[in-house]
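> Please work from the sequences and hints to get the whole structure.
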Amino acid sequence: MSSYNLTHLAQLEHEAIFVLREVAAQFERPALLFSGGKDSIVMARLAQKAFAPARIPFPLVHIDTGHNFSEAIEYRDWFAQDIGARLVVRYVEDSIKAGRCQEEKGPNPSRNGLQTITLLDTIEEFKFDACLGGARRDEEKARAKERFFSHRDEFGQWDPKNQRPELWNLFNGRKNLGEHFRVFPLSNWTEMDVWQYIAREKLRIPSIYFSHTRRVVNRNGVLLAESPYITLLEGENYEERVVRYRTVGDSTCTGAVESPAATLAEVIQEVASARVTERGTRADDKRSESAMEDRKKAGYF
Amino acid sequence: MSAATPTASATAHTDEHYLSMDLLRFTTAGSVDDGKSTLIGRLLYDSKAIFEDTLENLERVTEQRGEDNLNLALLTDGLRAEREQGITIDVAYRYFATPKRKFIIADTPGHIQYTRNMVTGASTANLAIILIDARKGVIEQTCRHSFIASLLGIPHVVVAVNKMDLVDFSEARFNEIVAQFSEFASRLNIPDIKFIPISALHGDNVVDKSDRTPWYQGGALLYTLETVYIGSDHNHVDPRFSIQTVIRPNNDAHHDFRGFAGRVAGGVFKPGDDIVSLPSGLPAKIKSIHGPEGELAEAFAPMSVAITLDREIDSSRGDLFAKLNNQPVVTQDIEAMICWFSPKPLNPAGKYILRHTTRETKCALKAVRYKVDINTLRKQTEDVSVGMNDIGRIHVRTATPLMIDPYKRNRTTGSFILIDEFTNATVGAGMILWPDGGDRAPTDQFADMGGL
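If you read the protein sequences in the order shown, they are chains A and B.
Residue numbering for the first sequence follows numbering that gives the first Met the number 0, beginning at 0 and increasing consecutively.
Residue numbering for the second sequence follows numbering that gives the first Met the number 0, beginning at 0 and increasing consecutively.
In short, the hints are calculated from the structure, not lab data.
These figures come from a predicted structure and were not determined experimentally.
Ideal Cβ positions, reconstructed from N, Cα and C, are used throughout, including at glycine.
Just to be clear, a hint being listed does not mean it is correct.
[Unchecked claim] No farther apart than 25 Å at their CA atoms in a straight line, the calculated lysine-lysine pairs in the BS3-like style are these:
1. B/Lys269 with A/Lys174
2. B/Lys343 with B/Lys365
3. B/Lys322 with B/Lys365
4. B/Lys284 with B/Lys343
5. B/Lys350 with A/Lys174
6. B/Lys343 with B/Lys322
7. A/Lys160 with B/Lys208
8. B/Lys135 with B/Lys193
9. B/Lys284 with B/Lys269
10. B/Lys361 with A/Lys174
11. A/Lys174 with A/Lys126
[Said to hold, decoys possible] Reference excerpt, derived from the structure (chain B facing chain A, CB under 10 Å, subset only):
12. Val90
13. Asn116
14. Ser122
15. Cys142
16. Asn188
17. Pro248
18. Ala252
19. Ala264
20. Val267
21. Lys269
22. Lys286
23. His289
24. Phe340
Right, dumping it as structure tokens:
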């Protein structure tokens, strides 16, 4: 009997596949939010496995802030083509031009928050009723309270105090007209699990996850990459550093870490001995104690 | 895949050890007073699952709030309302690993009004840690937590007798509590109970064995979590497979492929097996089984696979594959224990939507047999109004047949949720006792958690 035991990574894989299939079965128009970041790459890989030998039965959707890392964008386009998936891209720039939202002011105006508006508009445009996201509960404390199937009202809002209890493997995706769900198949994965899965599956990932030389500015302890969207403050200078990224988000709020890790094995070694959380490099989370909870309530990823 | 793709190739390097670790899901129920947060904090901290920036943040917030000791509860209280009120509202999931195992903690608040969270956290757990304050012994809350662990079929329970430092690490006191709990637990259905004397605050018997309890022969708590045998927690006897969706590629390469996708809920399936599709009763033979890493020689719970058959039969989402010689009961009448989640009480004449495995059907309440007094475990048959956080026994009739097993035998084919037709909220969780429309309500004064 002892042979009927799955390793933890296999358990997480089987669980995520179950969730992805529930989404395909319970919803009419799901979408997979794909940024070219490691979590969405793993999620897309799991979706391939969930429906093989058929193709993934929903499109990949990316909300492009226009401030993304070019390596991630090139990867995104290559990946969609490689797996033969339909790719939908919508731009924050267009939302700004249409007067749907306004650019932030300040020395590093972030379009991170503005993505929410473009995302909700995209959901409405395509009538998506479920958006698959790669968020994990170990990332951030508001996310630790998140369900696999997370209900959003007709304004796209999350009500954390009134979530549906989620028992066993019974996911309740029932909703009224105009409401939708965010679904997180990787809820129980940790950063280490994601890296180990990338290694096990031999997945290709954008090069910015590996050590490279880049001009950065140190702003409040966050190393921000040189870009036209950042205005240097007095006393600030760009300097060359050997860095890599632990998360890939909007370049105006995602910091690099100094690292010599150039291979996957070295990255895994580094993650194993890391003493700072993954989102410690995210300036968007540092805005307040409840920054993530507030953004999520409004409809953020 | 040209050389110009903006990617770096993943090397084949994998950490063999990391990949071979298994997974233990456990739940902790209790209040701050029991030292639950201190215990979780210690497990996370000593296993290096708390990062420096998290810890610094914790120190900063603790200081802002003018508290003396590092408030480890702030680690798990992720929502603004929780931090403001100093209470845990919702289940929080925590992750840590030791070189032996990976762990998922479902940390649930212990107050009576949060029974529903405890039930939620317990539904997927292999193990429950029940904390007892050594000074207080077995109290009502202990009974409640143990009842829920038993009701939800958690196979392993660790009774951590905490604050042993405050009773001078007294062996006599420990034995007294063991006796108290064992007497009470004899009415429950918990196959494996272990007792550990600990001090979460000082770390005795948490990660390392304490030299202050030389009379204690067992291992430290972490050792127990690392070594408890979970290989038989799933049912590997009765083959059950609920169809989630049907995969039909409709392309030239896989023209005839028709894969029934789903998750094995019990037993073992192999190519060549004679199966029966329920409720239709149509037989077929398994042609192939496809897992995430390719074709499989066998599939068992909780694997997600796609099964192809040797002939075309009409099966779709909500249908269930079993073996010809081992089938679940197909019925529209169910006796079940129910835990109620909604502020709107259970309507004894109400209609609800019932979700069982991958099947959804309307159902009507036929009877509320009794309500459980969760602190004494006695049945209440006079007042059977089931409100939020109440647990009771009901009889339900469904609009279409379900393929069920008793919850005690299979946590997947034995469980269901009730959904409000109008709000779509999940209002109740059910554990099937037996498929029986008759009056099998037992006469014993105690509730049916032992009978589950």
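> Against this structure, judge whether each hint is valid.
Tested hints:
This hinted pair does not check out: B/Lys269 and A/Lys174 have alpha carbons roughly 38 Å apart, beyond 25 Å. A threshold of 25 Å between alpha carbons decides the hint, and for B/Lys343 with B/Lys365 the separation of about 18 Å falls inside it, so the pair holds. Only pairs whose Cα atoms come within 25 Å are accepted, and B/Lys322 paired with B/Lys365 is rejected, the gap being roughly 32 Å. Straight-line distance between C-alpha atoms of B/Lys284 and B/Lys343 comes to about 47 Å, which puts the hinted pair past the 25 Å bound.
Pair hint B/Lys350 plus A/Lys174 holds up; C-alpha atoms about 18 Å apart against a cutoff of 25 Å. For the suggested pair B/Lys343 and B/Lys322, the alpha carbons sit about 41 Å apart, so the restraint of at most 25 Å is broken. The suggested pairing of A/Lys160 with B/Lys208 is violated, with an alpha-carbon distance near 40 Å, which exceeds 25 Å. Distance restraint check for B/Lys135 and B/Lys193: the Cα-Cα separation of roughly 19 Å lies within the 25 Å cut-off, and the hinted pair is therefore satisfied.
Between B/Lys284 and B/Lys269 the CA atoms are separated by roughly 10 Å; this keeps the pair inside 25 Å, and the hint holds. Distance restraint check for B/Lys361 and A/Lys174: the Cα-Cα separation of roughly 16 Å lies within the 25 Å cut-off, and the hinted pair is therefore satisfied. For the hint pairing A/Lys174 with A/Lys126, the CA-to-CA distance comes to about 13 Å; that is within 25 Å, so the pair holds. Taking 10 Å as the C-beta cut-off, the interface hint given for B/Val90 holds, the closest approach to chain A being about 8 Å.
The closest approach between the C-beta of B/Asn116 and any C-beta of chain A is roughly 8 Å, which is under the 10 Å cut-off, so the hint is satisfied. Proximity of B/Ser122 to chain A holds as hinted, the smallest CB-CB distance being about 4 Å (cut-off 10 Å). At its closest, the beta carbon of B/Cys142 sits 22 Å from a beta carbon of chain A; the interface hint therefore is violated under the 10 Å criterion. A cut of 10 Å between beta carbons decides the hint on B/Asn188: the least distance to chain A is about 18 Å, and the hint is violated.
Residue-level restraint check for B/Pro248 holds (minimum Cβ-Cβ distance to chain A is 4 Å; threshold 10 Å). The criterion of a C-beta within 10 Å of any C-beta in chain A is met by B/Ala252, whose closest approach is roughly 7 Å, and the hint holds. Here the hint on B/Ala264 is kept, as its CB sits about 9 Å from the closest CB of chain A, short of 10 Å. Nearest Cβ of chain A to the Cβ of B/Val267: about 7 Å, under the 10 Å cut. The hint holds.
For B/Lys269, the suggested interface contact is broken, since its CB lies about 13 Å from the closest CB of chain A, more than 10 Å. With a least beta-carbon distance of about 14 Å to chain A, the hint placing B/Lys286 at the interface is violated under the 10 Å criterion. With its C-beta approaching chain A no nearer than about 7 Å, B/His289 sits inside the 10 Å limit, and its interface hint holds. Annotation: interface hint on B/Phe340 holds; nearest CB of chain A at approximately 5 Å, less than 10 Å.
The structure fails hints 1, 3, 4, 6, 7, 15, 16, 21, 22 (numbered hints given earlier, in ascending order).
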